[in-house]
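Q: Spelled out, the chains give:
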Amino acid sequence: MSKLYVARSPRVAARSLGGEMMIMSGRDSTLFTLNKTATILWQAADGATPLDEIVQQRICGEFEVEPGEALQDAETLARELASHHILQISEQPIATQSAVSRESR
Amino acid sequence: MSRLLEEMTEKALRLNIPLSVQLDLTYRCNERCVHCYLDHHDHGEMSTAEIKHLLEEMAEAGVFILTLSGGEIMLRKDFFEILEYARRQLSFCVKLKTNAILIRDAEAARIRDLGVESIQISIYSHRPEVHDAITLVPGSLNRSLDAASFLKSQGLRVIFANVLMVQNLQDYQGVRALAAEMGIESTMDPTITPMMDGDRSVLSLNIDRGSLHQLFRDESLVMDAEEACGVEDSAQDTLQHLPCSAGHTTCYVSPYGDVYPCVQFPFATGNVRKQRFIDIWRHSDRMNEVRSIRLKDLNTCTSCTHMSSCSRCPGLAYMEGNMRGPSSADCEKSFAKTGVPSANMLAKKRAAANLVQIGSIPAVANMPGAMA
Numbered sequence: 000m001s002k003l004y005v006a007r008s009p010r011v012a013a014r015s016l017g018g019e020m021m022i023m024s025g026r027d028s029t030l031f032t033l034n035k036t037a038t039i040l041w042q043a044a045d046g047a048t049p050l051d052e053i054v055q056q057r058i059c060g061e062f063e064v065e066p067g068e069a070l071q072d073a074e075t076l077a078r079e080l081a082s083h084h085i086l087q088i089s090e091q092p093i094a095t096q097s098a099v100s101r102e103s104r
Numbered sequence: 000m001s002r003l004l005e006e007m008t009e010k011a012l013r014l015n016i017p018l019s020v021q022l023d024l025t026y027r028c029n030e031r032c033v034h035c036y037l038d039h040h041d042h043g044e045m046s047t048a049e050i051k052h053l054l055e056e057m058a059e060a061g062v063f064i065l066t067l068s069g070g071e072i073m074l075r076k077d078f079f080e081i082l083e084y085a086r087r088q089l090s091f092c093v094k095l096k097t098n099a100i101l102i103r104d105a106e107a108a109r110i111r112d113l114g115v116e117s118i119q120i121s122i123y124s125h126r127p128e129v130h131d132a133i134t135l136v137p138g139s140l141n142r143s144l145d146a147a148s149f150l151k152s153q154g155l156r157v158i159f160a161n162v163l164m165v166q167n168l169q170d171y172q173g174v175r176a177l178a179a180e181m182g183i184e185s186t187m188d189p190t191i192t193p194m195m196d197g198d199r200s201v202l203s204l205n206i207d208r209g210s211l212h213q214l215f216r217d218e219s220l221v222m223d224a225e226e227a228c229g230v231e232d233s234a235q236d237t238l239q240h241l242p243c244s245a246g247h248t249t250c251y252v253s254p255y256g257d258v259y260p261c262v263q264f265p266f267a268t269g270n271v272r273k274q275r276f277i278d279i280w281r282h283s284d285r286m287n288e289v290r291s292i293r294l295k296d297l298n299t300c301t302s303c304t305h306m307s308s309c310s311r312c313p314g315l316a317y318m319e320g321n322m323r324g325p326s327s328a329d330c331e332k333s334f335a336k337t338g339v340p341s342a343n344m345l346a347k348k349r350a351a352a353n354l355v356q357i358g359s360i361p362a363v364a365n366m367p368g369a370m371a
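First to last, the protein sequences are chains S and X. The opening position of the first sequence corresponds to residue 0 in numbering that gives the first Met the number 0, with each subsequent residue numbered one higher. The opening position of the second sequence corresponds to residue 0 in numbering that gives the first Met the number 0, with each subsequent residue numbered one higher.
There may be inaccurate statements among the hints.
[Said to hold, decoys possible] Listed below are several chain X residues computed to face chain S (Cβ distance under 7 angstroms; list not exhaustive): (1) SER90; (2) PHE91; (3) MET187.
Simulated from the structure, these hints should not be mistaken for lab results. None of these values were measured; they are calculated from a predicted model. For glycine and all other residues, C-beta sits at the position ideal for the given N, C-alpha and C.
Take the sequences, apply the hints, and build the full model.
A: This is the structure in structure tokens:
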């Protein structure tokens, strides 16, 4: 099975508000909020780390889930986020320019 | 406002987070609009490094929506460097306010590439002779409209902002029609703001009471004029409401680093060259004073028929002399809508009547016992 890479779309706006990630689509200004899993995925989506590594390192540890099942869920989630143009997915590493969104303190 | 944005705003309010900030990059401008409230001389704008540092502080404070305005933003030679930093490094939702006359095809493409949410352009009339007479720059309407076309062709969201005044009162339908023809949104505001130094002479450009009355009844602007212009009951729970978002989820930063509750509320609460942005936001006594005010604390307005529906601006009230007092411009709007005078208008009328009574008292020098 080929690797899947994910990257934050450079055209969205993002900010973590009290632990909840707000994302505004650059395409049509639609606002989304991400749940905890989606937030972890979003923050780790640097275009260089394969999705299975993100799941292994960031999601399995956090939620104590079985890796195969977690990867399947993460792929579904990544494709859904990509359908809203807030995440890019590719079978090749993705060059990125955007930074990780900051947490308000 | 979408339901989700409302929820986020409520959350920001609970967590004391400045969700939305307007940052004026400069007060310099290439137009000289007759109604403008700014001093266009540069009195020491923040440098590129200072602005980038401020943006980092704002991002850490939780600011999500960043409106870059002026003056004319494109006069800053580092404008695109600042915009790129705000978007690529800090992921702000950026909105721009500009006259756009320096935006051509290349600038529009760059704005698109940087993922700007919207660009608001000041358009005062569809007729060059009226628009240009307000900006005092010949050819400015055509330049602004060309820019709007460039931006639209890049798929960007463009909004025409029209400030209504005596000079362009007859042209608002023309601007709306032009916007619709170009596939552009439009807004309109019949409020002229006093100069930031307190000079109120510019208020003479305000449209008169009769015109305001007609405007609120223009059925091309309001769905149901009768409903829009009705008097609403002022429920008691309204007393606990906040006057507006200024100082609660929004604030304004000048090109010199001064932080105010709002662009229309010149009550300085601190300066980011001396303090961290978040410290001013959280701990400034003045910001907290603004934040503490509830509708129940307002002088005069608590007894007003229009309290629950009034658009009262605390900044305009402050510029009239009391941030807890009425804003006469908004009293005029409530009166124009409903025909019912505000408590402030009635109080002024009573005061004027009392002055007439004083005039009828015999001259002091003629009174028995008066000193010569």
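Q: Run every hint past the structure and note whether it holds.
A: Here is what the structure says about each hint:
A cut of 7 angstroms between beta carbons decides the hint on X/SER90: the least distance to chain S is about 4 angstroms, and the hint holds. Annotation: interface hint on X/PHE91 holds; nearest CB of chain S at approximately 6 angstroms, less than 7 angstroms. Of the supplied interface hints, the one on X/MET187 is violated, with its beta-carbon coming no nearer than about 21 angstroms to a beta-carbon of chain S, more than 7 angstroms.
Violated hint for the displayed structure: number 3, the only one.
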